[in-house]
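For what it's worth, UniProt numbering labels the leading residue of the sequence shown as 1, then goes sequentially.
Treat the hints as calculated values from the structure; they're not laboratory data.
Label pairs and their in silico Cβ distance ranges: (1) N221 x N32: 36 to 42 Å; (2) S203 x D134: 26 to 32 Å; (3) R69 x P201: 32 to 38 Å; (4) R2 x F103: 17 to 23 Å; (5) G94 x Q164: 19 to 25 Å.
Glycine included, C-beta positions come from ideal geometry on N, C-alpha and C.
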Amino acid sequence: MRILIIEDEITLNRTLQEGLTDFGYQVDTAENYKDAEYFIDIRNYDLVLTDWMLPDGDGIELCKIVKNRSSRTAVVILSARDDKESEIEALKSGADDYIKKPFDFDILLARIEARLRFGGTNIIEIDDLSINPDEEKIMYDGEEIELKGKPFEVLTHLARHRDQIVSKEQLLDAIWEEPELVTPNVIEVAINQIRQKMDKPLSISTIETIRRRGYRFCYPNTEDESGL
1 MRILIIEDEI
11 TLNRTLQEGL
21 TDFGYQVDTA
31 ENYKDAEYFI
41 DIRNYDLVLT
51 DWMLPDGDGI
61 ELCKIVKNRS
71 SRTAVVILSA
81 RDDKESEIEA
91 LKSGADDYIK
101 KPFDFDILLA
111 RIEARLRFGG
121 TNIIEIDDLS
131 INPDEEKIMY
141 DGEEIELKGK
151 PFEVLTHLAR
161 HRDQIVSKEQ
171 LLDAIWEEPE
181 LVTPNVIEVA
191 INQIRQKMDK
201 PLSISTIETI
211 RRRGYRFCYP
221 NTEDESGL
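Make the full structure from the sequences, and use the hints.
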């Protein structure tokens, strides 16, 4: 499970990051609205934990962006505002929960677990292809496909962004924890494994290479590709 923390109070930000990491969550952090937008654009989160008041924006607007992009992503608003009008405003704006500062970490953790437990499914279904990120499992026409690790994550990310061209740099940022330590050719290796272990045996095409731009998920391809 991946969580994005957006909190401009540095000490609290680090405390939340360390605490959630200790409980097995993958955690990204941002200290302002602009950086949060960047992470929301390149990665898929199970939950976003955001402060209401940020130095360059507010968490309510970020909540709307998250929900427009993926309605299944849970959003929890943190705020020093203790009036009921603010809580109502946050919930009506799409937030799944509202937690007033200061708060007890154990209670926050329990509420996060509850939101993730009832947050809906992550399964991607496209015609007879089913991708289950939680179980790292792919099914095609009732048959399970053996594709694991980074190739699986690359396929999943492209499937979630199937209307977009995704560059190598975007894939590195979205999937690798320390993208600066790997070279872009790891993407080519992952794409090749997808084609060898999945596309070729099934006689299908899932990923299209867009020269000098990146990759695009293309299954099912009902258009004539002769011009590509």
